[in-house]
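Asks: As they're listed, the protein sequences go chains L and E. According to our numbering, the residues represented by the first sequence are 1 to 665, in order. According to our numbering, the residues represented by the second sequence are 1 to 153, in order.
Each hint should be verified, as a subset may be incorrect.
What the hints assert, rightly or not - Dumping the calculated EDC-like pairs for lysine to aspartate or glutamate here, alpha-carbon to alpha-carbon at most 16 Å:
| # | chain 1 | residue 1 | chain 2 | residue 2 |
| --- | --- | --- | --- | --- |
| 1 | E | Lys-138 | E | Glu-92 |
| 2 | L | Lys-626 | E | Asp-136 |
| 3 | L | Lys-355 | E | Asp-14 |
| 4 | L | Lys-564 | L | Glu-521 |
| 5 | L | Lys-626 | L | Glu-591 |
| 6 | E | Lys-42 | E | Glu-4 |
| 7 | L | Lys-335 | E | Asp-24 |
| 8 | L | Lys-246 | L | Asp-288 |
| 9 | L | Lys-137 | L | Asp-89 |
These are calculated hints, taken from the structure and not from any lab test.
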Amino acid sequence: MARDTFQQVFTNCRHSAENPCSYFIDCITSGQKCHQSEASNQRLRRLKDRLLLVEHDHPVFLVGMGTCGLANGAQKVYEALQSELAAWDAKAQLIPVGCVGYCAREVIVDVKLPGHPRVSYAEVTPQDVPAIVEAAKRNEVVGDKLLGVYEGVSRNGWGGYPVFQQLPFFKKQKKIVLDNCGVIDPDDIDQYLARGGYSALSKALNRMSREEVINEVKNGGLRGRGGGGFPTGLKWELAAKAKGDKKYVVCNADEGDPGAFMDRALLEGDPHKVIEGMIICAYAVGADEGYIYCRAEYPLAIQRIERAIADAKAYGLLGRNILGSGFSFTLKLKKGAGAFVCGEETALIHSIEGKRGMPSPKPPYPAHQGLFGKPTVINNVETFGNVPVLLNMGAEAYASIGTQGSKGTKIFALSGNVNNVGLVEVPMGITLREIIFDIGGGIPNGRKFKAVQIGGPSGGALPESVIDTPIDYESLKDIGAMMGSGGLVVMDEKTCMVDLAKYFMTFIQSESCGKCIPCREGTKRLLETLERLTRSYRSERTQEEAMQRFQGMIYLERLSEVIKSTSLCGLGQTAANPVLSTLRYFREEYEAHLYDRKCPAGVCAELLTYRIDTDKCTGCTLCARKCPQNAIIGEKQKAHYIIDEKCIRCDQCRLNCKFNAIIVE
Amino acid sequence: METESILTKYPAGDPSALIAILQDIQQVHGYLPEKELQKVAKHSGLPMARIYGVATFYNQFRLQPLGKYVIRVCRGTACHVKGSFNILQTLENELGIKAGQTTRDLMFTIETVACIGACSIAPVIMVNDECYGKLDSKKVKKLLNDFRKAEEE
Numbered sequence: 001m002a003r004d005t006f007q008q009v010f011t012n013c014r015h016s017a018e019n020p021c022s023y024f025i026d027c028i029t030s031g032q033k034c035h036q037s038e039a040s041n042q043r044l045r046r047l048k049d050r051l052l053l054v055e056h057d058h059p060v061f062l063v064g065m066g067t068c069g070l071a072n073g074a075q076k077v078y079e080a081l082q083s084e085l086a087a088w089d090a091k092a093q094l095i096p097v098g099c100v101g102y103c104a105r106e107v108i109v110d111v112k113l114p115g116h117p118r119v120s121y122a123e124v125t126p127q128d129v130p131a132i133v134e135a136a137k138r139n140e141v142v143g144d145k146l147l148g149v150y151e152g153v154s155r156n157g158w159g160g161y162p163v164f165q166q167l168p169f170f171k172k173q174k175k176i177v178l179d180n181c182g183v184i185d186p187d188d189i190d191q192y193l194a195r196g197g198y199s200a201l202s203k204a205l206n207r208m209s210r211e212e213v214i215n216e217v218k219n220g221g222l223r224g225r226g227g228g229g230f231p232t233g234l235k236w237e238l239a240a241k242a243k244g245d246k247k248y249v250v251c252n253a254d255e256g257d258p259g260a261f262m263d264r265a266l267l268e269g270d271p272h273k274v275i276e277g278m279i280i281c282a283y284a285v286g287a288d289e290g291y292i293y294c295r296a297e298y299p300l301a302i303q304r305i306e307r308a309i310a311d312a313k314a315y316g317l318l319g320r321n322i323l324g325s326g327f328s329f330t331l332k333l334k335k336g337a338g339a340f341v342c343g344e345e346t347a348l349i350h351s352i353e354g355k356r357g358m359p360s361p362k363p364p365y366p367a368h369q370g371l372f373g374k375p376t377v378i379n380n381v382e383t384f385g386n387v388p389v390l391l392n393m394g395a396e397a398y399a400s401i402g403t404q405g406s407k408g409t410k411i412f413a414l415s416g417n418v419n420n421v422g423l424v425e426v427p428m429g430i431t432l433r434e435i436i437f438d439i440g441g442g443i444p445n446g447r448k449f450k451a452v453q454i455g456g457p458s459g460g461a462l463p464e465s466v467i468d469t470p471i472d473y474e475s476l477k478d479i480g481a482m483m484g485s486g487g488l489v490v491m492d493e494k495t496c497m498v499d500l501a502k503y504f505m506t507f508i509q510s511e512s513c514g515k516c517i518p519c520r521e522g523t524k525r526l527l528e529t530l531e532r533l534t535r536s537y538r539s540e541r542t543q544e545e546a547m548q549r550f551q552g553m554i555y556l557e558r559l560s561e562v563i564k565s566t567s568l569c570g571l572g573q574t575a576a577n578p579v580l581s582t583l584r585y586f587r588e589e590y591e592a593h594l595y596d597r598k599c600p601a602g603v604c605a606e607l608l609t610y611r612i613d614t615d616k617c618t619g620c621t622l623c624a625r626k627c628p629q630n631a632i633i634g635e636k637q638k639a640h641y642i643i644d645e646k647c648i649r650c651d652q653c654r655l656n657c658k659f660n661a662i663i664v665e
Numbered sequence: 001m002e003t004e005s006i007l008t009k010y011p012a013g014d015p016s017a018l019i020a021i022l023q024d025i026q027q028v029h030g031y032l033p034e035k036e037l038q039k040v041a042k043h044s045g046l047p048m049a050r051i052y053g054v055a056t057f058y059n060q061f062r063l064q065p066l067g068k069y070v071i072r073v074c075r076g077t078a079c080h081v082k083g084s085f086n087i088l089q090t091l092e093n094e095l096g097i098k099a100g101q102t103t104r105d106l107m108f109t110i111e112t113v114a115c116i117g118a119c120s121i122a123p124v125i126m127v128n129d130e131c132y133g134k135l136d137s138k139k140v141k142k143l144l145n146d147f148r149k150a151e152e153e
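All chains, full assembly: derive it from the sequences and hints.
Replies: Rendered as structure tokens:
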């Protein structure tokens, strides 16, 4: 059983969940405290070397099996490796790990041979597996699939290959929260312990008072990573001072933004870090019960959390009298049932209580009156993930990363029209340009950068003119966006900003819980206005509808401001942000839609016109035959003509024309 | 697993377990039958209105049974330009139901989804867990006939 792994190496260790010892974690990190013997310390070193893959006797293969890896076929690669390895070395290890973040290059397989540094292969298919294993047998590397060789003790003849950590994608990153993701087996608590896991908890319980923990978090300058950026230490202090016979700690893992997957990756790749952060928080505020509220759409994350909770319990790191400190904490998992608004803290509380997940007015704040009416701390997954890091580094070292007002790092999910789609952790203060062009590798297909949407449906779209702003909570607010949870969707010149605003408004409309009027009705009016802008004059039946198009535009800004200032919860208050930011930076596109009835990006189908270039058309009649509306007329061998009134913009003629004779404007 | 044995896992009179109970029941039945919800009401001491309220709030829950073949029509951008609307219309006409509904014989359900992520073979539909791509009206009709035939046998 997992519980015994470390105890086997210690002489006379009596630690157990029922009879805990305060020094258990300290013994793992710095050698046995009692019954000291050279032999047991040597055994400990050997065990840790084996777990950390520093020294081991048999080859180790690691496959990135987060959700993104699995979607790219990691399971098949895993099975192929399994059969290859069985035929080679029965003692070779095959370990499924979390996501290293380089989603663009999945499936990623790492190989660690005894006496060699770890190497990483990218875009591995089951067909590549035999070659990789064959090379490993000869202590060699397959060059063309190689991503990089890990920095390590000795390069051992592999000096000519690129260094993994120096790749453009990783070079500017600073991985302090994601350091274990894709490196360790998330289901193996021993590997987490061997890398110094739970030492922050041990430090807090054994050597710090509750106030000291809170002060340390305050001095570190940690702010909520879920979007709002409220100082975490202050939140904890409020809850610690609140009167109540019972207090709760809740982890918000209801990540619903389209284009955000940071929390999923962290929970799938390193669940113990989040749990450790929660236990430390519970100790600091005096809570004895906690919940992780995870969306049901993340089955793998749920499975990993359940396993991690059970393992931590078996080691006596959750439950009664943790590490002999007299402090007890139990942790439960609650599954969300699919409602975006449940990411809002008061709505989330109601959902845990088994009610409709609708927000309620603040104050009272959850820190005073939260779950079941008791003082409750709610923090986001990434915030809890930062807590052990902060305590281990010390407040001063942690605060040295980042900017004046925003400390530490932030994890972003980089997606959209960018070369290196993936998960990146960067120090605060880095510019968006560095993330998109240096880490992200720029825009594919030689297209031009147009905008980046930061913060999902609550954030804003930023144009090239402002992407040199350093990322921190305040400066992002100044340019009309917000940190949000960390989604970064990059868009190229072929994206229509009115269409984007319409997309987000459709999302908000369907996710609004309907409790308060500004959000329920206001966003519907916004959506209607945007729909009118993108609708062709031919679908406007009366003149009145055309007038409404202008009227809606006139009120667009004012309506947005009203929604912003009068909505009940964060969802409504930020709902208009996509409209306001696109209006601020891309007003000319709105005007093109409104006055010229044209979509400059060529996205809004109803506003496009299809016509045939009479010089290029050879009269092959292919388009006329493909047209589902019979809107194309013309004689054989003569230039054809599209009847605009009949055309439904299905694009079939352009797709089928062999002479590029169809002009779309 | 019967509803009764699901309910024994949760303490009686605890309203906070409601969502978890509903999730378990849906896992067994595929939807939330009214009869089972009445048992939940009795067990948890909550009025039916409250349970109905929760069941209708969250996207995950459904109160109608699904058909044996759940047809998800991708309405993503790539499929849209390749004519997924025609596919949807063909399905609706053939089965006599609208998107989001289920046929009376509980054989077919039509749903629309934002994107399946199989844009390279657009237009695409997903029947239960299987993808069918590069469709047109003819192929859709043939597909439905194949399913019907498979059922008769």
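Asks: If a hint holds in the structure, say so; if it does not, say that too.
Replies: Evaluation of the provided hints:
1. Proximity of Lys-138 (chain E) to Glu-92 (chain E) is assessed by CA-CA distance (about 14 Å); at most 16 Å being required, the pair is judged to hold.
2. Of the pairs offered as hints, the one joining Lys-626 (chain L) and Asp-136 (chain E) holds, with about 13 Å between alpha carbons and a cut-off of 16 Å not exceeded.
3. Of the pairs offered as hints, the one joining Lys-355 (chain L) and Asp-14 (chain E) holds, with about 12 Å between alpha carbons and a cut-off of 16 Å not exceeded.
4. A distance of roughly 13 Å separates the Cα atoms of Lys-564 (chain L) and Glu-521 (chain L); the hinted pair therefore holds under the 16 Å criterion.
5. About 34 Å separates the Cα atoms of Lys-626 (chain L) and Glu-591 (chain L), which puts this hinted pair outside 16 Å; it is violated.
6. Straight-line distance between C-alpha atoms of Lys-42 (chain E) and Glu-4 (chain E) comes to about 11 Å, which keeps the hinted pair within the 16 Å bound.
7. Straight-line distance between C-alpha atoms of Lys-335 (chain L) and Asp-24 (chain E) comes to about 11 Å, which keeps the hinted pair within the 16 Å bound.
8. Note on Lys-246 (chain L) and Asp-288 (chain L): the hinted pairing holds, with a Cα-Cα distance of about 7 Å set against a maximum of 16 Å.
9. Between Lys-137 (chain L) and Asp-89 (chain L) the alpha-carbon distance is near 9 Å, which keeps this suggested pair within the 16 Å criterion.
In summary, the one numbered hint that this structure violates is 5.
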